[in-house]
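Student: Read off the chains here:
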Amino acid sequence: MDELFEAMRNSIVEGEPEEAERLAREVLARGMDPMEAVSRGFLPGVNQVGEGFGCGDLFLPDLVRAGAAMKAAVRILEPEMTRRGTAREVVGRVVLGTIKGDIHEIGKTLVGTLLTANGFEVHDLGVDVPPETFVEKAQEVGADLIGVSALLTTTMAGQRQVVEAAQKAGLRPKVRVIVGGAPVTKEWADEIGADGFSEDAAGAVTLSKRLLGRA
Amino acid sequence: MSILSVSHPKLRLEILSPEDVRRIHTATLDLIETVGVRMPSRRAQEIVASHGGRVDPATHIVRIPGAVVEQALAKAPPAYTLAARDPSLDLPMDGQHCHLGTDGCGVEVIDPATGARHRSSFQDVQDAARVADSLDAIAFHWTPISAQDRPPESRSLHELLAIWSVSHKHVQTESIVTEREARVAVEMAAALAGGREALRRRPILSIMQCTLPPLAQDGGSLEAGLVAAEAGLPVGFMTMTSCASTGPATLAGTLTVGNAEVVSALALMQMAYPGAPVYYAAAQTTMDLRSGAYTGGGPEDYLFGAATNVLADFYNVPLSMGAFATGAKEPGWQSAVDNSLSSFMAISTWSDMLLGAGLLHGSRILSYEMMLLDAEIWSILCSMSRGITVDDETLALEAIREVGPGGNFLAHRHTKKHMRELWRPTYFDRRPFSEWETKRDGAVTWANAKAREILATHKPERLAPAEKAELERLIASVEHA
Chain A
1 MDELFEAMRN
11 SIVEGEPEEA
21 ERLAREVLAR
31 GMDPMEAVSR
41 GFLPGVNQVG
51 EGFGCGDLFL
61 PDLVRAGAAM
71 KAAVRILEPE
81 MTRRGTAREV
91 VGRVVLGTIK
101 GDIHEIGKTL
111 VGTLLTANGF
121 EVHDLGVDVP
131 PETFVEKAQE
141 VGADLIGVSA
151 LLTTTMAGQR
161 QVVEAAQKAG
171 LRPKVRVIVG
181 GAPVTKEWAD
191 EIGADGFSED
201 AAGAVTLSKR
211 LLGRA
Chain B
1 MSILSVSHPK
11 LRLEILSPED
21 VRRIHTATLD
31 LIETVGVRMP
41 SRRAQEIVAS
51 HGGRVDPATH
61 IVRIPGAVVE
71 QALAKAPPAY
81 TLAARDPSLD
91 LPMDGQHCHL
101 GTDGCGVEVI
111 DPATGARHRS
121 SFQDVQDAAR
131 VADSLDAIAF
141 HWTPISAQDR
151 PPESRSLHEL
161 LAIWSVSHKH
171 VQTESIVTER
181 EARVAVEMAA
191 ALAGGREALR
201 RRPILSIMQC
211 TLPPLAQDGG
221 SLEAGLVAAE
231 AGLPVGFMTM
241 TSCASTGPAT
251 LAGTLTVGNA
261 EVVSALALMQ
271 MAYPGAPVYY
281 AAAQTTMDLR
291 SGAYTGGGPE
301 DYLFGAATNV
311 LADFYNVPLS
321 MGAFATGAKE
331 PGWQSAVDNS
341 LSSFMAISTW
351 SDMLLGAGLL
361 HGSRILSYEM
371 MLLDAEIWSI
381 LCSMSRGITV
391 DDETLALEAI
401 REVGPGGNFL
411 AHRHTKKHMR
421 ELWRPTYFDR
431 RPFSEWETKR
441 DGAVTWANAK
451 AREILATHKP
461 ERLAPAEKAE
471 LERLIASVEH
481 A
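Here the protein sequences come in this chain order: A and B.
According to my numbering, the first sequence is numbered sequentially starting from 1.
According to my numbering, the second sequence is numbered sequentially starting from 1.
Among the hints, erroneous ones may be present.
Residues on chain A that point at chain B, a partial pick, calculated with CB under 10 Å [unchecked claim]: (1) Phe53; (2) Gly56; (3) Gly101; (4) Ile103; (5) His104; (6) Ile106; (7) Thr153; (8) Thr155; (9) Val184; (10) Thr185; (11) Glu187; (12) Trp188; (13) Ala202.
Keep in mind that the hints were calculated from the coordinates and are not lab data.
From the three backbone atoms N, C-alpha and C, an ideal C-beta is built for every residue, glycine too.
Generate the whole structure from the sequences, applying the supplied hints.
Tutor: What follows is the structure, encoded as C-alpha cells:
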C-alpha cells in the first residue's frame with residue numbers, strides 16, 4: 001500500500017498525468033478510499049513540488065506539469081468521492097478570463113492551473129470575455145473571486161468595467177476582483193478599485209489565498 | 001540634423017550555418033503546411049484559399065503548401081527606402097545599414113524632473129518624440145508609450161499625430177491593430193506625403209504587427225497589415241515567442257515557431273499584394289522560469305538577435321529586430337549589459353532596423369536617461385562596426401618611422417589627421433578619481449541633466465496648421481463613426 005502511495009506522490013512530483021490517472025484508476029479498482037489516496041498519495045506530491053518551487057529547486061513548468069497530473073488524478077477519483085460524500089474541500093471559487101477585445105490566453109491559463117493545483121475551483125471563461133459575463137458566471141457558481149486578465153493598454157479599461165459591473169450587481173465586497181497582465185500596475189489596480197493585483201502567476205495564488213483568509 | 005546609422009559594417013558573426021537555416025526553413029514550411037497557422041480573419045482566409053491553401057472555418061486554421069509560401073515570399077522586394085518627411089533623413093533598407101528606433105509600447109514614464117512614475121499620456125508621446133528627434137542615434141520612431149488619455153479606438157492615431165507634430169523622421173507604428181485605424185493612418189500619412197501615390201513612392205510610415213505565438217495571428221492585425229500593404233507602406237510582422245511558454249524551451253524550436261508565424265503572415269501580404277514592401281520583425285526571449293514573466297534580456301535574447309537576421313536574409317527581406325529593451329528597473333549594470341550585448345549581436349549579422357531605445361522593465365517604462373544612454377551605446381556600436389581598416393594610410397609606417405623608438409605620436413601630423421576617428425564618450429567617466437570622489441555623479445546624473453535640457457529647449461514644430469487640422473479631422477472621423 002505504501003508503495004502505491006509513493007507511486008502516486010511520484011507521479012505528481014515527476015508531473016506525469018498519464019501515470020497519475022493510471023494510479024487513480026487502480027485506487028478505484030482496488031476499492032480503496034479515494035480521499036485517502038488523495039491525502040496520503042497525491043497531495044504530498046503537490047506539497048513537495050510547492051516546497052521545491054519555494055526554495056528555488058523547481059521551476060514554473062514543474063508546477064504546471066504537477067498541476068496537470070493532480071487534475072488528471074482528481075478527475076478519475078471525484079465521482080467516487082462525491083458518492084461517498086467525502087468531496088475535497090474547496091479553498092475558493094474563482095471565475096477567470098481575459099477581457100473583451102483581448103485574446104491573450106497564456107497568463108490567465110497559468111493562473112488558473114496554479115489555482116486549481118492549490119485547491120481552488122476554477123471556472124475559466126477563456127478569452128474575449130464581456131464584463132457582464134464575468135459577473136453572470138460569478139453569480140451562477142457563487143464565486144469568491146473574479147480574475148480579469150488584459151495584455152493590451154486598449155483593453156485594460158475593461159477591467160474597470162468588471163469592477164463596476166460586480167459593484168452594480170451587488171456582488172461586492174463579498175466577491176473580490178483581481179487583475180493582471182503585462183501593462184497592469186498596482187496603481188492601475190488601486191485606481192479602478194480592484195481588490196488585488198499580481199505581477200505573476202505564483203503571486204496570484206498567494207494573493208487569492210490572502211484575500212480569502214486562507215494564507 | 002543628421003542620422004547616425006551603422007553603414008557598411010565590417011563585423012561579421014557566423015551564428016547559423018546554411019545547413020542550419022535550411023533545416024529551420026524546411027521545418028517552418030512543414031509546420032505551416034501540416035499543423036497550420038490560426039488566421040481569424042475572413043479576408044485572410046479567402047486570400048489563402050484562393051492561392052491553394054486549406055482553410056478550416058471552425059478553427060480558423062489555414063494550412064498552406066510549402067511551394068505556395070515560397071512562391072509568395074519570392075515576390076517581396078529585397079530593398080527599399082523608409083522615407084522621412086525630410087528626405088535627408090531617409091533610411092535605406094539595402095542590407096548595408098543598421099538603423100536604431102525607439103522602443104514601444106510602454107505604459108508609464110519616469111519624470112526626469114521628479115523621478116516619479118506616471119501613466120503615459122499624449123503629451124508624453126510628444127515629449128518622448130521630441131527627445132528622440134533631437135538624437136542623431138535615433139533614426140526612426142516607434143510609438144514609445146501609449147497615449148492613455150485618448151480613446152482606445154483612436155489612440156494609435158493620436159500617437160501618430162503626437163510624433164509627426166514634432167519630428168520629420170520616419171515613423172514605424174506598432175500600436176495600430178484594426179483595419180479601421182489602419183485605413184485612417186494611411187490617409188493621415190497620405191495627407192502629409194502629398195497623396196496616395198506620393199506616399200507609395202515615399203512611405204513616411206511603416207506598420208508593425210505582432211503575431212500571437214505559438215502559430216497564430218490576430219485577425220485585426222492581419223487586416224491592418226493588408227491595408228498597409230495595399231497602400232505600399234512597408235509592413236512587418238513581429239514574433240515575440242518566448243522559450244518554455246509560447247515556444248519550446250530550445251532555441252532552435254522557438255526560432256522555428258516564430259519563423260512560421262512571420263513567414264505565413266508575410267506570404268499572406270505577398271499573395272494579396274505581390275511586390276509590396278514587407279519586413280521580418282522579431283523579439284524572441286525566454287520565459288522567466290520562476291515567475292513565467294517575459295524577461296527582456298539574457299543570453300538567449302542576444303542569440304536570437306543575431307540569428308534572426310540570418311533568417312531574414314534567407315528570405316531576402318529586411319529585419320526589424322528587438323534589441324535594447326532591457327528588463328532592468330533603472331539604468332545601471334543590468335541595462336548596460338542587456339542593451340550592449342543585444343544590440344551588438346543584432347548588428348553583427350547586419351540587422352536592418354534595431355528597436356528598443358529608451359524603455360525599462362521589458363518595454364513597459366520610458367526613461368529619458370535610458371534613451372540617452374542607449375544613444376551612447378549606439379555610438380559605440382557605430383564606431384565598432386567600422387572595424388579596422390588596413391591600408392598604407394592606416395598602417396602609418398611613415399609616421400612610425402619618423403617617431404621612432406621611444407618617441408611619441410602626440411605632435412605628429414598623422415595623429416592630428418586621424419584622431420577624430422577615435423570614439424569620444426559623453427557618459428563614460430574618464431575623469432581623475434579625485435574628481436569623481438568629490439562629486440559622486442556619473443552617467444545617469446549627466447543623462448538626466450541632458451534630458452531636461454532637451455525637453456526644455458528642443459521644441460520643433462513639424463506640422464503646418466493646415467496639416468495638423470487635417471490630421472485631427474481624420475482622427476475625429478474614427479471617433480464619431
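Student: It remains to establish, for every hint, whether it holds in the given structure.
Tutor: Status of the hints after comparison with the structure:
{"no.": "1", "hint": "Phe53", "result": "holds (8 Å)"}
{"no.": "2", "hint": "Gly56", "result": "holds (8 Å)"}
{"no.": "3", "hint": "Gly101", "result": "holds (8 Å)"}
{"no.": "4", "hint": "Ile103", "result": "holds (7 Å)"}
{"no.": "5", "hint": "His104", "result": "holds (8 Å)"}
{"no.": "6", "hint": "Ile106", "result": "holds (6 Å)"}
{"no.": "7", "hint": "Thr153", "result": "holds (4 Å)"}
{"no.": "8", "hint": "Thr155", "result": "holds (8 Å)"}
{"no.": "9", "hint": "Val184", "result": "holds (9 Å)"}
{"no.": "10", "hint": "Thr185", "result": "holds (7 Å)"}
{"no.": "11", "hint": "Glu187", "result": "holds (7 Å)"}
{"no.": "12", "hint": "Trp188", "result": "holds (8 Å)"}
{"no.": "13", "hint": "Ala202", "result": "holds (7 Å)"}
Every hint, counting from the list given before, is met by this structure.
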